[in-house]
Amino acid sequence: MNTTLDPIENLVQSDYKYGFVTEVETDSVPPGLNEDTIRLISAKKHEPDFMLEWRLRAYRHWLTMTEPKWANVHYNPIDYQSIVYYSAPKRNANGPKSLEEVDPKLLETYERLGIPLHERAKLAGVAVDAVFDSVSVATTFKEKLGEMGVLFCSFSDAVLNHPDLVKKYLGSVVPYTDNFFATLNSAVFSDGSFCYIPKGVRCPMELSTYFRINAANTGQFERTLIIAEEGAYVSYLEGCTAPMRDENQLHAAVVELLALDRAQIKYSTVQNWYPGDAEGRGGIYNFVTKRGLCKGRHSKISWTQVETGSAITWKYPSCVLLGDNSVGEFYSVAVTNNRQQADTGTKMIHIGKNTSSTIVSKGISAGHGQNSYRGMVKVQKSAAQARNFSQCDSLLLGDKCGAHTFPYLEVKNPTARVEHEATTSKIGEDQIFYCNQRGLATQDAVNMIVNGYCKEVFKQLPMEFAVEAQKLLGVSLDGSVG
Amino acid sequence: MTRTLPTTPAEPRPLEAHLAAYEAFERSATETSPPWLRALRTSGISYFAELGFPTTEHEEWRFTNAAPLAQFPFKPVHRALRNAVTAADLARITFGGLRACRLVFVDGHFDMALSELLPHSTGAVMGSLAAAIERRGDLVEARLGRAAHHESNAFAALNTAFIQDGAFIHVPPRAVLEAPIHLLFIATKPGTVNQPRNLIIAEERSQVRVIEDYVSLAGSAYFTNAVTEIFTGQDAAIEHLKIQREGTAAFHVATIEAHHQRQSRVLSHSISLGARFARNDINLRLDGEGCESVLNGLFLATGDQVVDHHTIADHARPHCASHEFYHGILGGRAKGVFNGKIYVRKDAQKTDAKQTNKNLLLSDEASINTKPQLEIFADDVKCTHGATVGQLDDQAIFYLRSRGIGEELARQMLIKAFASTVLNRITVEPVREELERLLEERLAQPNA
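In order, the protein sequence lines correspond to chains R and L.
Going by numbering that gives the first Met the number 0, the first residue of the first sequence is number 0, and it counts up by one from there.
Going by numbering that gives the first Met the number 0, the first residue of the second sequence is number 0, and it counts up by one from there.
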């Protein structure tokens with residue numbers, strides 16, 4: 000390889016700056032999974048009976064399932080009996096009433112992560128629900144949102160305070176029988192965010208959840224449920240980090256979005272779980288089920304994801320376009336470096352008439368990373384005039400990585416128009432040379448080209464996130480240019 | 000996130016009849032077959048017994064249900080009938096104006112009387128595989144079964160178990176064959192299974208054009224399970240044109256495996272028009288630097304037809320190019336499946352791979368599943384793929400109508416134009432013209 004490009008190799012090596020551990024006393028259940036564990040989790044959370052019933056049904060169904068093997072990722076078998084299914088920072092019997100009562104150590108943790116839980120958060124104008132291992136530690140801006148009728152709280156609070164809504168919508172998009180990891184999540188999920196936007200309300204601020212895995216050997220199983228009633232609008236952000244550890248940790252979350260007539264949900268993720276070290280030791284297994292249902296006419300669900308972390312990413316945020324004229328969007332940047340593996344993409348299921356979907360997926364592989372796009376566009380017979388456009392690009396940095404594309408297009412209606420395009424390329428030596436001769440260092444040139452490559456996706460992110468994503472990408476690829 | 004598994008349980012695998020037929024065949028053929036061939040057949044049947052017929056749980060058969068093939072009564076033809084095909088029949092199915100060497104196979108067996116070999120001085124050998132096994136055993140032994148993956152493809156395994164006859168073409172180094180070679184496979188007996196096995200070897204710097212053509216005189220159901228292996232030497236050029244115009248009740252499975260050496264040029268066409276069920280696996284392995292290949296295909300399915308193409312362009316060496324163009328036209332209740340894979344192996348730098356699959360759906364009941372696939376393990380490559388599904392452009396029809404062309408004719412013109420981008424790549428003119436005519440005829444049928 001050309002010597003001028005060597006710096007690219009050095010660019011990818013960098014430190015994971017969120018890899019610290021917070022020393023807090025935890026209240027954990029013993030490792031292992033059986034009906035008693037589930038009863039214990041449910042009891043700890045003082046859940047009503049219907050929740051326990053639902054969990055047990057999911058667990059019994061899970062026992063009949065086998066772990067799927069079709070993804071283009073390789074990992075050692077997971078021992079489901081050695082995972083701690085519930086871990087929470089110890090707290091007073093009644094739980095913190097306000098931020099002042101939250102363990103300062105936890106607040107400090109979030110300070111270090113740059114998540115504003117304190118009052119200065121007002122400046123940021125983002126309502127945050129912070130989830131630490133298995134439980135939500137704090138939710139900000141509750142009152143202000145409450146005035147508009149927006150419910151934004153931890154899932155546990157929602158189960159206790161709004162059981163009717165939970166009962167009505169839980170599992171309506173991702174049923175507990177859906178797939179191996181979603182079913183496991185349904186049985187043991189500990190916390191997550193719940194969000195309900197009433198009819199005609201435009202949520203005045205970005206809602207955000209910050210997930211943090213802290214304790215060792217725990218799995219994080221959170222569940223997010225967002226319901227946008229008729230004409231409602233919400234933009235929701237999700238961020239995640241975890242400490243550096245040599246063993247792998249499982250993260251199997253479920254996200255359900257439901258949009259009714261003319262409702263819009265915009266869901267953005269910046270996923271930065273610990274990716275493991277350069278030799279592939281440790282890191283998070285991120286096996287997540289995310290699905291949105293455009294139930295109403297003219298509804299819209301938009302997924303934007305920036306996946307830079309995790310040892311293994313395995314997720315397909317999907318849209319079921321049931322309502323006529325509904326719209327699904329998927330914008331993704333997935334970066335794999337070192338030994339990371341990602342098998343990610345989306346499913347767009349067109350059922351209603353005049354439904355349209357857009358898929359823009361940008362994969363970047365460096366080091367020994369393996370990056371797969373796997374997507375499905377399905378046009379059912381009923382979906383007259385359905386329209387899909389998919390664009391999947393892969394960028395290869397280095398000669399030991401791989402990029403793979405597995406698009407499935409299934410069309411059963413002749414009036415549908417479906418287009419799929421994919422390209423795979425590397426940063427051209429001529430492009431670098433051009434930048435060099437204009438006085439840009441190779442590293443800057445690569446950063447610039449990569450950012451330009453991802454721009455289409457980044458511009459979909461809310462402002463603050465877009466800046467963070469750009470930085471994150473720079474860090475993730477630091478030293479990888481080759 | 001989940002892959003939905005088929006709701007119907009896997010079909011039982013009725014292999015007994017096949018295994019019994021193999022035993023009977025092997026007993027009768029033992030006398031005459033050389034030991035290496037018997038070993039190859041044994042390996043074929045044992046892989047077949049192990050693999051069984053694929054079910055829809057098999058990723059390569061996810062959208063095509065092979066159960067009708069598994070249930071088709073297994074009656075292989077070990078000896079062809081004489082006089083099953085008359086000269087009049089032959090005139091009907093050969094391409095008028097085509098000056099070619101013609102090898103005719105009746106129910107999978109070579110028929111010397113119907114064949115027509117042009118005199119040539121190049122030293123090329125063409126004829127039946129059975130004869131080649133007797134006379135050129137060393138040449139056949141070195142290549143037969145070396146390209147086709149009978150260890151993973153159940154139909155190739157089944158064919159391998161019953162290797163008996165088929166076409167054999169050997170083009171010696173530097174020989175250039177002007178006239179194309181027309182391999183005509185005619186099915187005559189209903190209810191039988193034909194398993195021709197073809198071997199085409201183009202040695203270095205040779206040039207040859209081969210037309211592999213499947214037709215039928217039998218109206219009712221029969222099953223063709225063909226395997227063709229192609230080897231091209233350094234700097235050789237080959238054009239391989241497969242035409243599938245089987246009877247409307249036929250089942251057709253064909254596997255073409257080609258192995259290409261350094262700087263060879265390959266032009267592969269697959270035109271699929273007939274059969275109730277057609278499955279084509281066309282796999283190219285570019286195993287030398289500087290190979291150039293074109294995969295060109297057209298499938299037309301109407302009524303209840305199922306047509307499935309799986310192609311692989313396997314870039315094993317650097318500096319190879321593969322360009323793939325597949326167009327599908329689906330009407331009636333037809334079902335189309337396309338899966339094109341591009342593999343770029345670890346050291347295959349400077350690969351240039353392109354793939355397009357375009358599909359036209361002409362009716363409400365027609366459907367298509369397409370899956371273009373890239374698997375890339377090298378970084379300095381240019382790979383793209385694209386797939387589209389749509390219907391005829393309303394504006395284009397409107398334009399033609401505004402110029403006084405009737406709607407039906409306008410539609411046919413547009414469909415023909417869509418098909419001819421593929422057909423125009425065929426260099427053998429009389430064949431291209433005949434295919435255009437066949438296509439028009441099919442499109443004019445009321446159920447199209």
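Calculated directly from the structure, the hints in this document are not laboratory data.
If you're wondering where the values come from, they're calculated on a predicted model, not measured in any experiment.
Beta carbons: idealized from backbone N, C-alpha and C, even for Gly.
Just so you know, not all the hints are guaranteed correct.
[What the hints assert, rightly or not] Ranges between beta-carbon positions, derived for each pair: (1) R:Gln384 / L:Arg402: 23 to 31 Å; (2) L:His57 / R:Lys143: 35 to 43 Å; (3) L:Gly405 / R:Gln384: 22 to 30 Å; (4) L:Glu58 / R:Glu278: 30 to 38 Å; (5) L:Lys345 / R:Asn435: 50 to 58 Å; (6) R:Val466 / L:Gly405: 35 to 43 Å; (7) R:Arg416 / L:Gly405: 24 to 32 Å; (8) R:Pro76 / L:Gly218: 50 to 58 Å; (9) R:Ser81 / L:His57: 31 to 39 Å; (10) L:Asp351 / R:Ser27: 34 to 42 Å; (11) R:Thr176 / L:His57: 48 to 56 Å; (12) L:His322 / R:Phe388: 47 to 55 Å.
[As the list claims (entries may be wrong)] Below are the BS3-like pairs computed for lysine-lysine, each with C-alpha atoms no more than 27 Å apart in a straight line: (13) L:Lys349 / R:Lys399; (14) R:Lys352 / L:Lys357; (15) R:Lys399 / R:Lys454; (16) R:Lys141 / R:Lys43; (17) R:Lys68 / L:Lys340; (18) R:Lys399 / L:Lys340; (19) L:Lys357 / R:Lys68; (20) L:Lys345 / R:Lys399; (21) R:Lys143 / R:Lys68; (22) R:Lys470 / R:Lys458; (23) R:Lys167 / R:Lys143; (24) R:Lys198 / R:Lys43; (25) L:Lys381 / L:Lys345; (26) R:Lys44 / R:Lys68; (27) R:Lys352 / R:Lys470; (28) R:Lys454 / L:Lys74; (29) L:Lys345 / R:Lys265; (30) R:Lys454 / L:Lys353; (31) L:Lys357 / R:Lys399; (32) L:Lys357 / R:Lys380; (33) R:Lys454 / R:Lys265; (34) R:Lys380 / R:Lys458; (35) R:Lys399 / R:Lys352.
Handout entry: 27 Å limit on alpha-carbon distance, applied to hinted pair Lys454 of chain R and Lys74 of chain L
Key = violated, 61 Å
Exercise for the section: Evaluate the given range 35 to 43 Å for the C-beta pair formed by His57 of chain L and Lys143 of chain R. Expected result: Violated - the Cβ-Cβ distance for His57 of chain L and Lys143 of chain R, about 56 Å, lies outside 35 to 43 Å.
Exercise for the section: Below or equal to 27 Å on CA atoms is what counts here, so check Lys143 of chain R against Lys68 of chain R. Expected result: Roughly 46 Å between the alpha carbons, so the hint for Lys143 of chain R and Lys68 of chain R is violated.
Practice task
Could you say whether the range 22 to 30 Å given as a hint is met by the Cβ separation of Gly405 of chain L and Gln384 of chain R?
Solution key: holds, 25 Å
Practice task
Starting from the hint 50 to 58 Å, judge whether the C-beta atoms of Pro76 of chain R and Gly218 of chain L obey it.
Solution key: holds, 55 Å
Exercise for the section: Could you check the hint for me, namely that Thr176 of chain R and His57 of chain L are 48 to 56 Å apart, CB to CB? Expected result: Given a distance of about 24 Å, which is not inside 48 to 56 Å, the answer is violated.
Exercise for the section: Hint says 30 to 38 Å; check whether the CB-CB distance for Glu58 of chain L and Glu278 of chain R agrees. Expected result: holds, 31 Å
Problem - 27 Å Cα cutoff - pair Lys68 of chain R, Lys340 of chain L - result: holds, 20 Å
Practice task
Given the range 50 to 58 Å, decide if the beta-carbon distance of Lys345 of chain L to Asn435 of chain R lies inside it.
Solution key: With a Cβ separation near 29 Å, Lys345 of chain L and Asn435 of chain R fall outside 50 to 58 Å, so the hint is violated.
Practice task
Measure nothing beyond the straight line between the CA atoms of Lys349 of chain L and Lys399 of chain R; if it is 27 Å or shorter, mark the hint as holding.
Solution key: holds, 15 Å
Practice task
Could you check the hint for me, namely that Arg416 of chain R and Gly405 of chain L are 24 to 32 Å apart, CB to CB?
Solution key: holds, 25 Å
Handout entry: Pair hint outcome, Lys345 of chain L versus Lys265 of chain R [Cα-Cα no greater than 27 Å]
Key = Roughly 39 Å between the alpha carbons, so the hint for Lys345 of chain L and Lys265 of chain R is violated.
In the structure shown, a violation is registered for the earlier hints numbered 2, 5, 6, 10, 11, 12, 19, 21, 24, 26, 27, 28, 29, 31, 34 and 35, in ascending order.
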